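Build out the structure end to end from the sequences listed, making use of the hints.
4 protein chains.
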Amino acid sequence: MKAIIDLCVVPIGVGVSVSTYIAACERVLREAGLKTQLHAYGTNIEGDWDVVFAAIKRCHEVVHEMGAPRISTTIKVGTRTDRDQTMEQKIQSVEEKMKAEPGA
Amino acid sequence: MKAIIDLCVVPIGVGVSVSTYIAACERVLREAGLKTQLHAYGTNIEGDWDVVFAAIKRCHEVVHEMGAPRISTTIKVGTRTDRDQTMEQKIQSVEEKMKAEPGA
Amino acid sequence: MKAIIDLCVVPIGVGVSVSTYIAACERVLREAGLKTQLHAYGTNIEGDWDVVFAAIKRCHEVVHEMGAPRISTTIKVGTRTDRDQTMEQKIQSVEEKMKAEPGA
Amino acid sequence: MKAIIDLCVVPIGVGVSVSTYIAACERVLREAGLKTQLHAYGTNIEGDWDVVFAAIKRCHEVVHEMGAPRISTTIKVGTRTDRDQTMEQKIQSVEEKMKAEPGA
Chain C
1 MKAIIDLCVV PIGVGVSVST YIAACERVLR EAGLKTQLHA YGTNIEGDWD VVFAAIKRCH
61 EVVHEMGAPR ISTTIKVGTR TDRDQTMEQK IQSVEEKMKA EPGA
Chain U
1 MKAIIDLCVV PIGVGVSVST YIAACERVLR EAGLKTQLHA YGTNIEGDWD VVFAAIKRCH
61 EVVHEMGAPR ISTTIKVGTR TDRDQTMEQK IQSVEEKMKA EPGA
Chain Z
1 MKAIIDLCVV PIGVGVSVST YIAACERVLR EAGLKTQLHA YGTNIEGDWD VVFAAIKRCH
61 EVVHEMGAPR ISTTIKVGTR TDRDQTMEQK IQSVEEKMKA EPGA
Chain A
1 MKAIIDLCVV PIGVGVSVST YIAACERVLR EAGLKTQLHA YGTNIEGDWD VVFAAIKRCH
61 EVVHEMGAPR ISTTIKVGTR TDRDQTMEQK IQSVEEKMKA EPGA
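Protein chains in written order, with our numbering: chain C, 1 to 104; chain U, 1 to 104; chain Z, 1 to 104; chain A, 1 to 104.
FYI, nobody ran anything at the bench for these hints, they're computed from the structure.
Just so you know, these numbers come straight off a predicted model, no measurement behind them.
Check the hints yourself; a few may be wrong.
Just so you know, same-sequence chains aren't split out, so a pair can sit in one copy or run between any two.
Straight-line distance between alpha carbons at most 27 Å, and here's what the computed DSS-like set of lysine-lysine pairs gives [claimed, not checked]: (1) K57 x K97; (2) K57 x K99; (3) K97 x K35; (4) K57 x K2.
Have a look at this one:
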């Protein structure tokens, strides 16, 4: 099952700066061969359900190993059976609608 | 790895009433032997990471089989290595703080 | 506009135990006269959109005043125009479907 | 209070294709003068708390006016008092850490 995911990992108990932990998660996702796109409040991921969720579990393991005693992660996951859709197509679909109705 | 999860499954393309699909997910979670607590905007789940996420995948499969062409799910997942904590203990911990500082 | 909300406030940079901050948010919500229900991964809130979001802003102010330098909050908000629905009715609707189709 | 937000609006009861509604929300956000960045599972927004949340409320009003009887929205909101940080700086901070530890 193909899925498009949005992942936001928040390490707790390691102070206010968390980018080192997020960078480690990015590496885990890329090593898993997943297509990812970092944004300002998380990371978009496209891939097979099992591969994505194995990588997310690995993120938790790695962030704990790095010293974070607690993690609170938010995941959005979309699946559809009506048609295949990539991350780029989702963005493109909205942008086309914006151009089509500029005065709306 | 033990996890506490909050799950909110939103079937898209099946009209405005979605409780039949949510009820089917609840059954999937219970059949997986997971401890769950339904609330007004999702379900709390406590259990082993792999068992929980296998059940969430099964929820997507079942909801698609029931006819929903698209699903958008939100998951919060918390893990901690400093100590074991149940769903009841999380609630209790907040309630005790509320009693302790009534005038704060 | 009436809304049903799920709120999860995560203070960052104050160590691993955050229940004191969550308890303070609960008090803010109750002082705002809002109907709330604490669960293991957040709080359900029912009320007028403006009242709820003013209270959520107040939660951020209070948690910062208590010393948290950073907060990451997750909010789910549902509105509907087809009919009025309470938090209890949302839960009841799912539970009725579960009883109706026990073998499904 | 300055905030960085991630917004994901899901109209329910209008079929499987929702990009027209998302495009309308994008226009609402831009008309409010907000800095936004669309991604594959939502939109990042940077701005003053009150301006952002007034715009999100307007999104719900507009999407209902367009015919959606029900909306389920997910919002992540981050605030910090230790320093000012833009959306670009958040991304840059993670990317620098990834370059710094390529073999990690």
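Consistency of the hints with the structure:
For the identical chains of this complex, K57 and K97 are inter-copy neighbours only, at 21 Å across copies versus 36 Å inside a copy, given an alpha-carbon limit of 27 Å. In this assembly of identical chains, the alpha carbons of K57 and K99 lie at most 27 Å apart only when taken from different copies (23 Å versus 39 Å within one copy). Both within a single protomer and between protomers do K97 and K35 lie at most 27 Å apart by alpha-carbon distance, with minima of 25 Å and 19 Å respectively. Taking CA atoms no more than 27 Å apart as the test, K57 paired with K2 passes in both settings, with 18 Å inside one copy and 11 Å between copies.
No hint from the list above goes unmet by this structure.
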